[in-house]
Structures are given as C-alpha cells and as structure tokens.
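Protein chains: 2
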Amino acid sequence: MLTETDTVTAAIVVIGDEVLSGRTRDTNSGHIAETLTRLGVDLREIRVVPDEQAAIVEAVNALRARATYVFTTGGIGPTHDDITADAIAAAFGVGIDHDPRAVAMLRERFSDPADLNEGRLRMARIPFGAELIANPISKAPGFRLENVIVMAGVPAIMRAMLDQVAPTLKTGEPILSETVRADAKEGDIATPLAAVQRAHPEVSIGSYPFIEGNRFNTNLVIRSRDPAALAAAKAAVAEMLSGLPRS
Amino acid sequence: MLTETDTVTAAIVVIGDEVLSGRTRDTNSGHIAETLTRLGVDLREIRVVPDEQAAIVEAVNALRARATYVFTTGGIGPTHDDITADAIAAAFGVGIDHDPRAVAMLRERFSDPADLNEGRLRMARIPFGAELIANPISKAPGFRLENVIVMAGVPAIMRAMLDQVAPTLKTGEPILSETVRADAKEGDIATPLAAVQRAHPEVSIGSYPFIEGNRFNTNLVIRSRDPAALAAAKAAVAEMLSGLPRS
Chain Z
1 MLTETDTVTA AIVVIGDEVL SGRTRDTNSG HIAETLTRLG VDLREIRVVP
51 DEQAAIVEAV NALRARATYV FTTGGIGPTH DDITADAIAA AFGVGIDHDP
101 RAVAMLRERF SDPADLNEGR LRMARIPFGA ELIANPISKA PGFRLENVIV
151 MAGVPAIMRA MLDQVAPTLK TGEPILSETV RADAKEGDIA TPLAAVQRAH
201 PEVSIGSYPF IEGNRFNTNL VIRSRDPAAL AAAKAAVAEM LSGLPRS
Chain Y
1 MLTETDTVTA AIVVIGDEVL SGRTRDTNSG HIAETLTRLG VDLREIRVVP
51 DEQAAIVEAV NALRARATYV FTTGGIGPTH DDITADAIAA AFGVGIDHDP
101 RAVAMLRERF SDPADLNEGR LRMARIPFGA ELIANPISKA PGFRLENVIV
151 MAGVPAIMRA MLDQVAPTLK TGEPILSETV RADAKEGDIA TPLAAVQRAH
201 PEVSIGSYPF IEGNRFNTNL VIRSRDPAAL AAAKAAVAEM LSGLPRS
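Going down the list, the sequences are from chains Z and Y. So that you can map any letter, position 216 of the first sequence is 216 in the UniProt record's numbering, and since no number is skipped, the others follow by simple counting. So that you can map any letter, position 199 of the second sequence is 199 in the UniProt record's numbering, and since no number is skipped, the others follow by simple counting.
Be a bit skeptical, because a hint or two may be false.
Where chains are identical, the list cannot tell them apart; a pair therefore holds if satisfied intra-copy or between any two copies.
As the list claims (entries may be wrong) - Mimicking SDA-like on lysine to any residue, the simulated pairs with C-alpha atoms at most 25 Å apart in a straight line are:
#1 Lys170 - Arg64
#2 Lys170 - Ser21
#3 Lys139 - Lys185
#4 Lys139 - Phe216
#5 Lys139 - Gly95
#6 Lys170 - Arg66
#7 Lys170 - Gly40
#8 Lys139 - Met105
#9 Lys139 - Ile96
#10 Lys170 - Glu131
#11 Lys185 - Glu108
#12 Lys139 - Ser111
#13 Lys185 - Gly93
#14 Lys185 - Asp112
#15 Lys185 - Arg109
#16 Lys185 - Ala156
#17 Lys139 - Arg215
Hints in this document: simulated from the structure, not taken from any laboratory.
Here chain Z stands alone, though its shape is the one from the complex (with noise of 0.2 Å):
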C-alpha cells in the first residue's frame, strides 16, 4: 500500500450528456489525472454525470466531503444546458448571482455593450463566497468555492484554468514509478509477482496486460513515494523475470 500519511486527494466530476452518450470522448479527466499525479496528489474518484443539476449536485456534495478538492469541467458556458454554476450554488446551499468582477472581466472581450448580452452574461453568474479562476482565451471565469474548482469543459480552456489554479494546491509527497516491460504473459508471472508484493509492501506493483500484434506482453507499474523502497521492489522484479524459464 502506498502511505496515507498527509495524503491529498482529489475526484473529478466531469459534467457532460454529450461524454455518456459516447459522442465525445472525455479528455479532460485524463489531463487532470497526470497533473495531479506530477503534483502529489491521489485521485481517487472520476464520475462523468449528465446536465442535470440533481446529478451533479448529488456527485459534487459526495466527493467534497471525501476528497481534499473535488475538480469539475463543463456547464459553464452561456446556454440554457449550461447549469453547472446553479448546480454548485445548489450543492452548497448558497446564493448566486452576477459577479461584479465577472462581469468586468467580460468588459474585457465585450466592449461593445450590445454584445454583452443576456446569454454571455449568464456567464458571470457565480455562486456567493467563491473566488474566481481566471480564463485568459475567452474571459469567461471558473471559480473555487472551498474545496470545489469549477473549470470548462472546453480542453484548452480548462488547461488555462489548471495552469492556474496547480500553484495554489497543497501538494503530497509525489509517488514515484518505475514501468517494467516483462516481455512474458501475465498468467506465467502472476505468481511469482505475488510474491514480490507480498516481499515490498510498501510499494504498490501494478500489472497491465497489452497485445502486441498477435503476442500477449505485460507491463509492470511500480509505484512508492519512497526512492529506496521503489528502487528495491523494481530490482526484485527484475530478478524475478530474469529466472523465467524462456521458450
């Protein structure tokens, strides 16, 4: 097991009909993932729901009391399926309306008063107590209430705003891998890896399966937030593949 010692956790609540109904393939989640992993911090949790405030509500209230931030992407644009700053609102219990500083920051791209309309103007409606994240391509904010980071679901626009908000995280220990290719199947290795585990319990062995043309391989992933500790487990690995026996 990795240490839980001072841990930071996070879950992503990805906000999005079009990703369940496999239209658009989710690559926001991943992103994040290696973020947090370069950071320190253990994602334990991805919930991809619907644009229904009940839903997201129900995710958001879940992960927030578990997780030390809980990241959310999508809904925050200016159209009527856009709900996610309600949502947030709703998942807190506080009030919402349109932000003075939101607002300005629409100034900057909406100069003009007549393109700052209703629809554009949804966009600066934020949820009371959060602080903004700004958005440095098109203006419209994210924000941060507590533990919660509201971003878009537009890629490079949710990168912008976790290129911002990254600095003001509390990190962990970064957890440290090591791949191993095996070059043997898994099932001709599971029991002697088991072995390698139960000999370093304090590294996390992963082992994961690929075809290569017609070939079955494996990749092993060895993971610890210790240097020595990750370094003895991938030499025990290595003399464990190295006594196979080889056809």
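Assemble the complex: chain Z is given as a structure, and chain Y must be docked to it using the hints.
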C-alpha cells in the same frame, strides 16, 4: 426532456489505478457509451474507481440499485491486483470459487496442466450464480451476475465480450440526434436558442463550443426519441440561425 417511459438505463464502473494516475487513457467507456446509445439505452453515469475492494463494492452497489445494467471493465486478470471478481462477490454477498465451466474454457487455451498455474486459475474464480461471458481472444471469461456485467479491461477483449452481451440486453427506443453546425459563437445564439428549447420541450438541445483556428464556433446537438419532434426542432434551429445578424 427526453421521454422517460420504459427507459432502459446503464452505468459503467471503470476499475483501474492506471486510469486514475493518468498513465492510461480509458477508451472502453467511450466505446460502451456509443454501443448503448445505438441500443437506445441511456447511460446515466460513469465512475472510475481504484483497484480497492471497498471502492468497487460501493460504486457497484450504488449503481446497480438505480440502473437497469451496470458494466464493469478491468481487474479480471491473473495477477494479485486483479480483484474485481472477489469485489463483485462481496458486493452481492455471495460466495466465489473456481467455476468448472470457466476452468474448462481456460483448458482450451492451456492444455498443458503446467501452464494452467495458480495465477491463471484465479481467472476461473467466478461468483456463485453468475453466467459466463465467453472470451474468444484469451479464453478467460467475463461474467454476468443479475444486472452487473463484468468485462475485461484490455480493449479488444472488452469489445468482444460486449458484442456477445449486447444482443441479450433489453433495448429502448433509440435516441435520434441531429447535429447542426451553427457557424456562430455560443454567446451570440444563447438567448434565441433557449427560446427554441422552450418551444420544443420534447427534444433536448445541447450546445457544444469548439475552437477552430482562432475562432469560436458551436455545434448544436438536438436529441429526441420522436422523429417528427426532432425534425420540427431542427427546422426551428435552422430558422433561428438564418435570422442571426452576420458580421
């Protein structure tokens, strides 16, 4: 809103530390989502959880109580980190043991008893009462217990299992959709689009911004189970777009 009468619903549980670490991108849930949409099954939620029994049990039990079907992917291989079958048995409170039907399937591939070692035999551990799902690629089966369908994580094997399960599922009225490229920014159409949605409550209109070159554009996706309602709403969207002032 989409009509809820006789709706067949589903949820997916992706079991995988490697997805949560960002190391692997989950492509399975997108493929399952597309398949379900084609079958008229409403996918209501996707959860990605770690390789931990308590997390798997919690997600499976929460979702099987509310969805017609729950699909799981991952964690049914031969190694120590493959714990899905045991977690499903625990979720249902049933026993688990080597299943003679599953052992027979494995013998088709591993005819030499030396190859059918302890690790590979782990893949024949099936919760009591489950039906098996054949694996034409590497033989180790998936299984179905009540409304929970347990599949492999290797994409090619998952797809082969899903192809077998799909014809056995209850299907719904397929949701039809039309995509209209707006050639307009979301903020310029938000208000009239909301009026179209209000006038056509029997369809669901989603608005999906994208960036092309340096310009924002929008895809509008209209969805309904009723072809006539879909056509009427599509015509109303086209009329709304043609009436926009164009710069």
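Hints, one by one, checked against the model:
1. Taking identical chains as interchangeable, the C-alpha atoms of Lys170 and Arg64 lie at most 25 Å apart only when both belong to the same chain, with a minimum of 15 Å there against 35 Å between chains.
2. Taking CA atoms no more than 25 Å apart as the test, Lys170 paired with Ser21 passes between copies only; the shortest distance there is 18 Å, against 35 Å inside one copy.
3. Taking the shortest Cα distances, Lys139 and Lys185 sit within 25 Å of each other only across copies (14 Å), while inside one copy they are farther apart (51 Å).
4. For the homomeric pair Lys139 and Phe216, the shortest alpha-carbon distance between copies (13 Å) is at most 25 Å, but the shortest distance inside one copy (49 Å) is not.
5. In the homo-oligomer, the alpha carbons of Lys139 and Gly95 lie at most 25 Å apart inside one protomer (23 Å), although the nearest pairing across protomers, at 56 Å, exceeds that limit.
6. Taking the shortest Cα distances, Lys170 and Arg66 sit within 25 Å of each other inside one copy (16 Å), while across copies they are farther apart (36 Å).
7. Proximity of Lys170 to Gly40 under the C-alpha cut-off of 25 Å is restricted to the intra-copy arrangement: shortest distance 9 Å within a copy versus 44 Å between copies.
8. Within a single copy, Lys139 and Met105 get their C-alpha atoms as close as 6 Å, which meets the 25 Å cut-off; across copies the closest is 58 Å, which misses it.
9. For the homomeric pair Lys139 and Ile96, the shortest alpha-carbon distance inside one copy (19 Å) is at most 25 Å, but the shortest distance between copies (55 Å) is not.
10. Taking the closest pair of Cα atoms, Lys170 and Glu131 come within 25 Å of each other only inside a single copy of the chain (17 Å); across copies the shortest separation is 46 Å, beyond that limit.
11. Proximity of Lys185 and Glu108 under a CA criterion of 25 Å is satisfied inter-copy only: 17 Å between copies versus 58 Å inside one chain copy.
12. For the identical chains of this complex, Lys139 and Ser111 are intra-copy neighbours only, at 12 Å inside a copy versus 64 Å across copies, given an alpha-carbon limit of 25 Å.
13. Taking the closest pair of Cα atoms, Lys185 and Gly93 never come within 25 Å of each other, the shortest separation being 53 Å inside a single copy and 32 Å across copies.
14. In this assembly of identical chains, Lys185 and Asp112 lie within 25 Å of each other by CA distance solely across copies; the values are 16 Å between and 64 Å within a copy.
15. Taking CA atoms no more than 25 Å apart as the test, Lys185 paired with Arg109 passes between copies only; the shortest distance there is 13 Å, against 57 Å inside one copy.
16. In this assembly of identical chains, the alpha carbons of Lys185 and Ala156 lie at most 25 Å apart only when taken from different copies (16 Å versus 39 Å within one copy).
17. For the identical chains of this complex, Lys139 and Arg215 are inter-copy neighbours only, at 14 Å across copies versus 50 Å inside a copy, given an alpha-carbon limit of 25 Å.
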